[in-house]
Amino acid sequence: MNYNWDWNVFFKSTGIGSEIYLDWFVSGLGWTIAVALVAWIVALGVGSVLGVMRTLPNKLLSGVATAYVELFRNVPLLVQLFIWYFMVPDYLPESAQVWFKQELNPATSAYISVVVCLALFTAARVCEQVRTGIQALPKGQSAAALAVGFTLPQMYRHVLLPQAFRIIIPPLTSEFLNIFKNSSVASLIGLMELLAQTKQTAEFTANMFEAFTLATLIYFVLNMSLMTFMSWVEKKVRIPGMMGGAK
Amino acid sequence: MQRPGQRQLVEERETMIRFNNVHKWFKDLHVLNGVSLQVQQGEVVVVCGPSGSGKSTLIRTVNQLESINEGEIWVDGKNVADPKTDLNALRAEVGFVFQHFNLYPHLSVLDNITLSPMKVKGMDRAAADKLAVTLLERVGLAHKKDAFPAMLSGGQQQRVAIARGLAMEPRVMLFDEPTSALDPEMIGEVLKVMKDLAESGMTMMVVTHEMGFAREVADRVVFVDHGQIIEEAHPEHFFTNPQHDRAKQFLRQLLTPMN
Ligand SMILES: Nc1ncnc2c1ncn2[C@@H]1O[C@H](COP(=O)(O)OP(=O)(O)OP(=O)(O)O)[C@@H](O)[C@H]1O
Ligand SMILES: [Mg+2]
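As you go down the protein sequences, you meet chains A and B in turn.
Every letter in the first sequence is one number past the one before it in numbering that gives the first Met the number 0, and letter 176, counting from 1, is 175.
Every letter in the second sequence is one number past the one before it in numbering that gives the first Met the number 0, and letter 140, counting from 1, is 139.
There may be inaccurate statements among the hints.
[Claimed, not checked] Here are the computed lysine-lysine pairs in the BS3-like style, where the Cα-Cα straight-line distance is at most 25 Å: (1) Lys11(A) <-> Lys198(A); (2) Lys138(A) <-> Lys118(B); (3) Lys26(B) <-> Lys58(A).
[To be verified] Calculated from the model, a selection of chain A residues having no Cβ within reach of chain B, i.e. all distances over 10 Å: (4) Asn1; (5) Gly14; (6) Leu145; (7) Ala146; (8) Gly148; (9) Val158; (10) Met191; (11) Leu213.
[Claimed, not checked] Cβ-Cβ distance ranges computed for the label pairs, FRET-style: (12) Gly139(B) <-> Ile166(A): 31 to 37 Å; (13) Ser224(A) <-> Asp85(B): 47 to 53 Å; (14) Gly121(B) <-> Arg72(A): 39 to 45 Å; (15) Thr227(A) <-> Gly139(B): 22 to 28 Å; (16) Ala180(B) <-> Thr215(A): 51 to 57 Å; (17) Gly240(A) <-> Glu136(B): 20 to 26 Å; (18) Ala180(B) <-> Ser173(A): 33 to 39 Å; (19) Ala125(B) <-> Asn222(A): 26 to 32 Å; (20) Thr215(A) <-> Ala125(B): 53 to 59 Å; (21) Ser224(A) <-> Ala125(B): 38 to 44 Å; (22) Leu76(A) <-> Ala125(B): 48 to 54 Å; (23) Ala125(B) <-> Lys58(A): 41 to 47 Å; (24) Asp85(B) <-> Val78(A): 46 to 52 Å; (25) Leu76(A) <-> His22(B): 51 to 57 Å.
Since the hints were made in silico from the structure, they are not lab data.
The structure presented is a predicted model; accordingly, all values stated were derived computationally and were not measured.
The beta-carbon is built from N, C-alpha and C at its ideal position, and this holds for glycine as well.
Generate the whole structure from the sequences, applying the supplied hints.
Rendered as structure tokens:
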């Protein structure tokens with residue numbers, strides 16, 4: 000194969016104002032982070048509530064959470080995205096429809112759809128991690144909490160969840176990384192995040208390999224930074240005296 | 000004469016725990032089979048019996064860590080099985096010490112003790128800390144207040160667990176085999192704390208096979224087998240002159256565990 004690598008392509012003008020192709024990548028990265036981070040925060044909140052629900056004695060609440068997980072884990076992410084973007088808006092009340100479809104700029108409505116989609120999809124996965132973490136705790140922990148007179152919410156807040164979250168930091172880290180990777184589905188509904196900008200650069204410049212190499216590099220650095228951050232968190236909350244813990 | 004004055008004093012005391020014909024099933028298993036028992040205020044009652052006889056279940060019904068199917072349990076004048084009884088309030092005045100300590104591993108020793116007074120009783124941090132330090136002094140562990148449970152020996156953890164129970168200023172303390180998960184050299188330090196507690200007048204129900212403790216501290220020994228109380232006696236009587244064959248057999252096995 001005879002390919003002419005040209006790394007200068009990123010500094011060439013796109014022909015739009017004074018923009019160079021690198022600017023597209025920076026803006027794409029910005030959208031990727033904006034999608035993934037907001038979706039992650041929502042997923043963590045919703046997933047934790049669902050995870051707690053799955054461990055409650057109340058059959059109705061745990062049943063609702065189980066049904067949620069089954070639904071959101073078993074429908075492919077792309078299908079979910081198309082449902083949120085193309086179908087759900089049609090079922091909104093009239094005024095909300097007008098707002099979503101006409102008043103919002105297209106990037107914002109795509110952004111909202113993809114954040115909702117990723118957040119609810121990832122919440123199902125977070126839910127399962129939280130449930131597993133709670134169930135991994137010795138039975139004696141809840142007995143001890145109940146025995147001193149804690150209510151159920153106090154027991155979760157002060158005794159079970161602080162321990163469960165520490166246990167599940169590693170699987171949560173991989174969900175955190177996944178949400179960044181999964182955010183690339185946004186390119187399919189026209190949101191110009193990192194992957195979409197990469198494809199566009201490839202099309203405009205015919206320097207496809209450079210574009211995808213740079214994208215790979217950016218995703219890689221992003222992942223490494225997230226992992227470093229999470230292992231910092233893990234160290235920060237490590238329980239003194241426990242296995243592997245420094246004093 | 001048998002010190003009639005003192006006798007009467009005991010009878011006049013309030014009944015702290017009263018079991019009335021209590022039954023409990025785990026599916027088909029009849030774990031508690033018509034248990035009736037009274038524990039007076041300030042009394043120390045030791046519960047013993049073979050493994051699987053229902054001792055843990057019995058003691059856990061007092062603060063409703065296990066529910067019951069039939070009968071009544073009154074604790075400090077409240078019917079624990081009555082749905083109208085505020086279980087959280089009841090549990091707040093009944094301390095429970097577990098075989099495996101069950102300290103909160105993510106909290107320091109001090110926080111283990113202050114958590115429930117602060118969250119359940121709304122005590123402020125300063126008062127709770129002060130109380131915790133006093134209790135830690137009482138169990139001989141004031142110097143460990145900033146340690147975490149995983150850094151402590153079993154005996155130390157159990158003493159912290161006792162302090163945690165006492166922090167709620169309970170009217171009754173329940174112990175479920177508090178020393179049976181401990182290395183032999185640590186049993187004494189825990190029993191010592193329990194003995195001091197008994198001498199301070201605490202009402203105690205203790206599941207244990209520590210006969211030395213029972214002899215020295217208990218007012219009564221209750222022998223449980225197959226979910227029934229089959230013998231109830233002063234410790235001296237129970238150990239020297241058990242009435243039932245199963246109690247005799249149990250004591251024989253306790254003394255010569257190899258046979
Ligand atoms: N949650 C439960 N579900 C079903 N069966 C149970 C449960 N807890 C206890 N059991 C059974 O009930 C019986 C009494 O158990 P319990 O723990 O009260 O006995 P124990 O006297 O405390 O025994 P040990 O000396 O071994 O602690 C046992 O046969 C036990 O297997
Ligand atoms: Mg037991």
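Taking the hints in turn, this is what the structure says about them:
1. Our distance criterion of 25 Å between C-alpha atoms is met by Lys11(A) and Lys198(A), whose separation comes to about 16 Å.
2. About 21 Å separates the Cα atoms of Lys138(A) and Lys118(B), which keeps this hinted pair within 25 Å; it holds.
3. At roughly 19 Å between alpha-carbon atoms, Lys26(B) and Lys58(A) fall within 25 Å of each other, so this suggested pair holds.
4. For Asn1(A), the shortest C-beta to C-beta distance to chain B comes to about 61 Å, beyond the 10 Å cut-off, and the non-interface label holds.
5. The beta carbon of Gly14(A) is kept farther than 10 Å from every beta carbon of chain B, the shortest such distance being approximately 58 Å.
6. The Cβ of Leu145(A) does not lie farther than 10 Å from every Cβ of chain B; its closest approach is about 6 Å, which violates its non-interface assignment.
7. Listed as a non-interface residue, Ala146(A) fails to keep its Cβ farther than 10 Å from every Cβ of chain B; the least gap is roughly 4 Å.
8. A cut-off of 10 Å between C-beta atoms contradicts the statement that Gly148(A) is not in contact with chain B; the least separation is 3 Å.
9. The Cβ of Val158(A) sits about 6 Å from the closest Cβ of chain B, inside the 10 Å cut-off, so the non-interface label is violated.
10. The beta carbon of Met191(A) is kept farther than 10 Å from every beta carbon of chain B, the shortest such distance being approximately 44 Å.
11. The Cβ of Leu213(A) lies farther than 10 Å from every Cβ of chain B, with a closest approach of about 43 Å, so its non-interface assignment holds.
12. Separation of Gly139(B) from Ile166(A) is about 32 Å and conforms to the stated range, judged on CB atoms against 31 to 37 Å.
13. Take Ser224(A) and Asp85(B): their Cβ atoms lie about 50 Å apart, and the range 47 to 53 Å holds.
14. Between Gly121(B) and Arg72(A) the beta carbon distance is about 42 Å. The supplied range of 39 to 45 Å therefore holds.
15. For the hinted restraint 22 to 28 Å between Thr227(A) and Gly139(B), the CB-CB distance of approximately 44 Å leaves it violated.
16. Look at Ala180(B) against Thr215(A): about 54 Å separates their beta carbons, and that is inside 51 to 57 Å.
17. For the pair Gly240(A) and Glu136(B), the beta carbons lie near 22 Å from each other, so the given range of 20 to 26 Å is met.
18. Range check, Ala180(B) to Ser173(A): about 36 Å between beta-carbon atoms, so the 33 to 39 Å window is met.
19. Range check, Ala125(B) to Asn222(A): Cβ separation about 46 Å, and the 26 to 32 Å hint is violated.
20. Taken as a hint, the range 53 to 59 Å holds for the pair Thr215(A) and Ala125(B), whose Cβ atoms sit roughly 56 Å apart.
21. Distance hint check for Ser224(A) and Ala125(B): the Cβ-Cβ separation is about 42 Å, which falls inside the suggested range of 38 to 44 Å.
22. At roughly 52 Å, the beta carbons of Leu76(A) and Ala125(B) sit within the given window of 48 to 54 Å.
23. Distance hint for Ala125(B) and Lys58(A): a CB-CB separation of about 43 Å, consistent with the stated range 41 to 47 Å.
24. At roughly 49 Å, the beta-carbon separation of Asp85(B) and Val78(A) lies within the given 46 to 52 Å, and the hint holds.
25. Distance hint check: the CB atoms of Leu76(A) and His22(B) are about 53 Å apart, consistent with the given range 51 to 57 Å.
Of the numbered hints given earlier, the model fails hints 6, 7, 8, 9, 15 and 19; all others are met.
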